[in-house]
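Q: The primary structure of each chain is shown beneath.
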Amino acid sequence: DTGVSQDPRHKITKRGQNVTFRCDPISEHNRLYWYRQTLGQGPEFLTYFQNEAQLEKSRLLSDRFSAERPKGSFSTLEIQRTEQGDSAMYLCASSISGLAGVETQYFGPGTRLLVL
Amino acid sequence: AQTVTQSQPEMSVQEAETVTLSCTYDTSESDYYLFWYKQPPSRQMILVIRQEAYKQQNATENRFSVNFQKAAKSFSLKISDSQLGDAAMYFCAFLGGTYKYIFGTGTRLKVLA
Numbered sequence: 203d204t205g206v207s208q209d210p211r212h213k214i215t216k217r218g219q220n221v222t223f224r225c226d227p228i229s230e231h232n233r234l235y236w237y238r239q240t241l242g243q244g245p246e247f248l249t250y251f252q253n254e255a256q257l258e259k260s261r262l263l264s265d266r267f268s269a270e271r272p273k274g275s276f277s278t279l280e281i282q283r284t285e286q287g288d289s290a291m292y293l294c295a296s297s298i299s300g301l302a303g304v305e306t307q308y309f310g311p312g313t314r315l316l317v318l
Numbered sequence: 305a306q307t308v309t310q311s312q313p314e315m316s317v318q319e320a321e322t323v324t325l326s327c328t329y330d331t332s333e334s335d336y337y338l339f340w341y342k343q344p345p346s347r348q349m350i351l352v353i354r355q356e357a358y359k360q361q362n363a364t365e366n367r368f369s370v371n372f373q374k375a376a377k378s379f380s381l382k383i384s385d386s387q388l389g390d391a392a393m394y395f396c397a398f399l400g401g402t403y404k405y406i407f408g409t410g411t412r413l414k415v416l417a
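From first to last, the protein sequence lines stand for chains F and P. Under this note's numbering, the very last position in the first sequence is 318; numbers go up by exactly one each time. Under this note's numbering, the very last position in the second sequence is 417; numbers go up by exactly one each time.
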């Protein structure tokens with residue numbers, strides 16, 4: 203168990219460019235979540251997958267954002283035509299469903315995005 | 305909609321002393337979970353402690369314990385024998401039936417040597 207990993211850890215881009223982030227969950231975890239965290243705030247939910255199915259999307263996820271989880275393993279989050287307001291830390295978390303008791307989410311180190 | 309409120313943006317504690325971080329929440333659900341996560345500077349979020357709402361007994365994990373008051377919708381974190389490594393942002397989180405966490409705005413804990 204190597205934990206949740208995210209790549210890249212930092213990304214600087216110019217406004218209008220597209221960026222893609224990758225998340226590799228803990229191997230046996232079937233649920234995967236994306237959150238966004240801005241400075242001085244707690245993480246805010248963006249979307250979540252159970253296996254390869256995207257089951258919920260937040261209203262924060264505008265049509266410039268798209269997330270995928272092909273084959274129910276790693277996930278990608280793409281932001282098209284980035285805006286300065288997209289600058290934030292993007293966190294990925296994973297969990298396993300079906301076990302008795304509380305379902306705890308385990309977080310990756312995040313990808314910090316700066317849009318110039 | 306559920307909300308989580310952390311009213312203390314920053315707290316300080318002397319090394320070896322005890323500190324309590326506050327969290328209140330609002331929900332109409334009866335079955336839910338509460339968590340405290342620690343986020344050290346430039347490092348990933350780590351689970352500190354969790355509490356199932358149906359359990360009356362307060363959770364404890366070594367130096368960390370909670371005071372869960374379901375009727376008052378309060379979930380405070382007590383850190384005993386504070387250590388320099390405890391310095392971090394602490395987030396309170398609520399998990400109901402929607403599988404997504406609702407986080408508070410966090411409390412920055414400073415530990416003074």
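Please keep in mind that the hints were generated in silico from the structure rather than gathered at the bench. Treat the hints with care, as some may be off.
Said to hold, decoys possible - Now the stretches of chain P that chain F is said to cover, found in silico as 3 or more residues with beta-carbon under 8 Å:
(1) 367-381
(2) 398-405
To be verified - Not close to chain P: a few residues of chain F, all C-beta gaps over 12 Å, as computed:
(3) Ser268
(4) Arg283
(5) Glu305
As the list claims (entries may be wrong) - Partial chain F-side listing against chain P, Cβ under 7 Å, derived:
(6) Asn253
(7) Ala255
(8) Ala269
(9) Pro272
Just so we're clear, the structure is a prediction, and the values are computed from it rather than from any experiment. Positions of the beta carbon are idealized from the N, C-alpha and C atoms, including for glycine.
Q: Each hint: holds or not?
A: So, going through the hints one by one against the coordinates:
Coverage of a stretch by a chain is defined here by at least three residues with a beta carbon nearer than 8 Å to that chain's beta carbons; for the stretch 367-381 of chain P and chain F the count is 0, and the condition is violated. For the stretch 398-405 of chain P, the stated coverage by chain F holds: 5 residues have a C-beta nearer than 8 Å to a C-beta of that chain, and at least 3 were required. Chain P leaves F/Ser268 outside its interface by the beta-carbon criterion, the shortest separation being 18 Å against a cut-off of 12 Å. With a least beta-carbon separation of about 26 Å from chain P, F/Arg283 lies farther than 12 Å from that chain, consistent with its non-interface assignment.
Listed as outside the interface, F/Glu305 is inconsistent with that label: its C-beta sits roughly 7 Å from the nearest C-beta of chain P, within the 12 Å cut-off. Given the 7 Å rule on beta carbons, the hint for F/Asn253 is violated: about 13 Å separates it from the nearest Cβ of chain P. A hinted interface residue such as F/Ala255 counts as satisfied when its beta carbon comes closer than 7 Å to some beta carbon of chain P; here the least separation is about 13 Å, so the hint is violated. A cut of 7 Å between beta carbons decides the hint on F/Ala269: the least distance to chain P is about 14 Å, and the hint is violated.
Restraint check, F/Pro272 versus chain P: the minimum CB separation of about 21 Å is more than 7 Å; hint violated.
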